[in-house]
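Enquirer: Sequence order for the protein chains is A and B.
Mapping to the working numbering: the first sequence position 116 is 116, numbers consecutive.
Mapping to the working numbering: the second sequence position 9 is 9, numbers consecutive.
Read the hints as simulated data drawn from the structure, not as lab findings.
Note that the Cβ used here is the ideal one computed from N, Cα and C, for glycine as well.
Among the clues, some could well be false.
Heads up, incomplete: computed chain B residues facing chain A, CB under 10 Å, no partners named [said to hold, decoys possible]:
{"hint": "1", "residue": "Trp6"}
{"hint": "2", "residue": "Ser16"}
{"hint": "3", "residue": "Pro40"}
{"hint": "4", "residue": "Ser57"}
{"hint": "5", "residue": "Cys64"}
{"hint": "6", "residue": "Leu76"}
{"hint": "7", "residue": "Trp92"}
{"hint": "8", "residue": "Lys93"}
{"hint": "9", "residue": "Leu97"}
{"hint": "10", "residue": "Thr101"}
Here are the simulated lysine to any residue pairs, SDA-like style, with alpha carbons at most 25 Å apart [said to hold, decoys possible]:
{"hint": "11", "chain 1": "B", "residue 1": "Lys111", "chain 2": "B", "residue 2": "Arg69"}
{"hint": "12", "chain 1": "B", "residue 1": "Lys91", "chain 2": "A", "residue 2": "Ala50"}
{"hint": "13", "chain 1": "B", "residue 1": "Lys94", "chain 2": "A", "residue 2": "Glu28"}
There are 2 protein chains.
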Amino acid sequence: MTGKTWAYEDFVEGASLDIGSKTVSAAEIIEFASEFDAQPMHLDEEAGKASILGGLSASGWHTCAMFMRMLCDAFLLDSTSQGSPGIEHVKWKKPVLAGDTLRGTVTILSKRQSKSRPQLGLITMRSELVNQRGESVFELENTGMFLTHEAAA
Amino acid sequence: MTGKTWAYEDFVEGASLDIGSKTVSAAEIIEFASEFDAQPMHLDEEAGKASILGGLSASGWHTCAMFMRMLCDAFLLDSTSQGSPGIEHVKWKKPVLAGDTLRGTVTILSKRQSKSRPQLGLITMRSELVNQRGESVFELENTGMFLTHEAAA
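Next comes chain A alone, as it looks inside the complex:
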């Protein structure tokens, strides 16, 4: 055994995992945007209100990063994760505004062992974040690589 709760074998197709919740503050939105995505609607409440986003809104990449942190805390840091080859798609469906509370769910779509590296398994997941009004704001489909228990032992 690996000591990790989540290895390749532990993901079940069709299962859904609650990855908890995260409230985003105006200060966090502005801090991320200042470094990586300094568009006015991510830096200033008035500019956000004047934009089609309707308020001070998180950079889409900030939403991705917050999602990743939720995933880490929920199970990824207690897993045999070996990273990811990429993302099938991201949908930023509605603005994430200062003060919003996001709740996340991950659904396991499919799994398969790598042919070239049998110690690695590929898990394809669809993830969703919903805000405090029950509106779906973010959807992501991606594939993660996880060692088997035996390979990680």
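Based on these hints, arrange chain B on the given structure of chain A.
Expert: Relative to chain A, chain B alone:
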């Protein structure tokens, strides 16, 4: 006129834009990972070497965020950008390691005016980051929304 150099009309299908370069330090990799993606290979040189990534490697989301900053500095902050509905795909093709210098190119794949909001145009772009060895490390396809000059005036 808007005062912005880049409105919907200014993007030309097939054109390629150089978005400059960015060298990523170990400290930046660890800082981003500590907040958003605290997997061992993004926090510690030895853990990175022991992983299939082969060294202290940037979180894939950090690479996305660095790309976004390059895009902002190259033209997005001098544009009529209204954000993006999402990402068609992201490919993390090779690890981005501490000390790597990334150079980026954006190619305009297609453009169309929104039917429901004619003041908005949708620009679909494919972007690529290449490291100092000429290896393609990152590819992204996404759609951005830009106001026309007239709408932004």
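Enquirer: With reference to the structure, classify each hint as holding or not holding.
Expert: Verification of the hints:
1. Interface hint at Trp6 (chain B): violated, since its Cβ lies 12 Å from the closest Cβ of chain A, which is beyond the 10 Å cut-off.
2. Because the smallest distance between the Cβ of Ser16 (chain B) and any Cβ of chain A comes to about 22 Å, over 10 Å, the interface hint for this residue is violated.
3. Interface hint status for Pro40 (chain B): upheld, as the beta-carbon distance to the closest one in chain A is roughly 9 Å, under 10 Å.
4. With a cut of 10 Å, the hint placing Ser57 (chain B) at the interface with chain A holds, because the nearest CB-to-CB distance is about 8 Å.
5. Look at Cys64 (chain B): its Cβ gets to within about 5 Å of chain A, closer than 10 Å, so that hint holds up.
6. The beta carbon of Leu76 (chain B) comes within 7 Å of a beta carbon in chain A, closer than 10 Å, and the hint placing it at the interface holds.
7. A hinted interface residue such as Trp92 (chain B) counts as satisfied when its beta carbon comes closer than 10 Å to some beta carbon of chain A; here the least separation is about 5 Å, so the hint holds.
8. Proximity of Lys93 (chain B) to chain A holds as hinted, the smallest CB-CB distance being about 8 Å (cut-off 10 Å).
9. With a least beta-carbon distance of about 13 Å to chain A, the hint placing Leu97 (chain B) at the interface is violated under the 10 Å criterion.
10. For the restraint placing Thr101 (chain B) at the interface with chain A, the shortest Cβ-Cβ distance is roughly 18 Å, beyond the 10 Å limit, so the hint is violated.
11. Pair hint Lys111 (chain B) plus Arg69 (chain B) holds up; C-alpha atoms about 23 Å apart against a cutoff of 25 Å.
12. Between the alpha carbons of Lys91 (chain B) and Ala50 (chain A) the distance comes to roughly 34 Å, so the proposed pair goes past 25 Å and is violated.
13. Proximity of Lys94 (chain B) to Glu28 (chain A) is assessed by CA-CA distance (about 30 Å); at most 25 Å being required, the pair is judged violated.
Hints 1, 2, 9, 10, 12, 13 from the list above are not met by this structure, while the remaining hints are.
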